[in-house]
Amino acid sequence: MPTVLIVDDEADTVMMLSSGLKLFGYESMMATSGSEALEQIDGRVPDAIVLDLMMPEMDGFEVTRRLRANPGTKSVPIIIATAMAVLDAEDRSREAGATHFLYKPVSLSALADLIRASLKNP
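Under my numbering, the first residue of the sequence shown carries the number 69, and numbering increases by one thereafter.
Think of the hints as simulated: they come from the structure by calculation, not from any bench. From a predicted model like this one, the values you see are computed outputs, not experimental measurements. Heads up, the beta-carbon is just placed ideally off N, CA and C, and yes, glycines get one too. Some clues are possibly wrong.
[Claimed, not checked] Listed next, the in silico DSSO-like pairs over lysine-lysine satisfying Cα-Cα at most 27 Å (straight line):
(1) 188 - 172
(2) 188 - 142
(3) 90 - 142
(4) 172 - 142
(5) 188 - 90
(6) 172 - 90
[Claimed, not checked] Computed spacing ranges between beta-carbons, pair by pair:
(7) 83 - 139: 30 to 36 Å
(8) 142 - 70: 15 to 21 Å
(9) 90 - 137: 27 to 33 Å
(10) 93 - 153: 29 to 35 Å
(11) 159 - 90: 28 to 34 Å
(12) 177 - 125: 27 to 33 Å
(13) 70 - 154: 26 to 32 Å
(14) 137 - 93: 27 to 33 Å
(15) 173 - 138: 29 to 35 Å
Take these sequences, add in the hints, and give me the full structure.
Here it is in structure tokens:
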């Protein structure tokens, strides 16, 4: 079963995405901050990452840059899922190294499809 790390400072969002992705056959790792996500990855690298942009302390752009700089995670698909309504959020995400970009609220089936496609074509 592929593993997806879900990173969002809203615990309810993390739980909802985790429960929903389980229905599509994905196991979840969960983190509510960028630093927690990076710590978890030190112990176990997920197959894909779903990442929020707007988080305290370390935003999703910085988390993405750090993941791409790490040889162990540089090729892990990163799907940004955000409510950030800034015109350049998608461009900045892709510049940082994100694979895909979605605006919240996220359709679970669309997210599962993106994860599946990312795992087939890393």
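For each hint, the structure was consulted:
no.	hint	verdict
1	188 - 172	24 Å, holds
2	188 - 142	16 Å, holds
3	90 - 142	25 Å, holds
4	172 - 142	25 Å, holds
5	188 - 90	19 Å, holds
6	172 - 90	19 Å, holds
7	83 - 139: 30 to 36 Å	31 Å, holds
8	142 - 70: 15 to 21 Å	18 Å, holds
9	90 - 137: 27 to 33 Å	30 Å, holds
10	93 - 153: 29 to 35 Å	32 Å, holds
11	159 - 90: 28 to 34 Å	32 Å, holds
12	177 - 125: 27 to 33 Å	32 Å, holds
13	70 - 154: 26 to 32 Å	31 Å, holds
14	137 - 93: 27 to 33 Å	30 Å, holds
15	173 - 138: 29 to 35 Å	30 Å, holds
Checked against the numbered hints given earlier, the structure satisfies every one of them.
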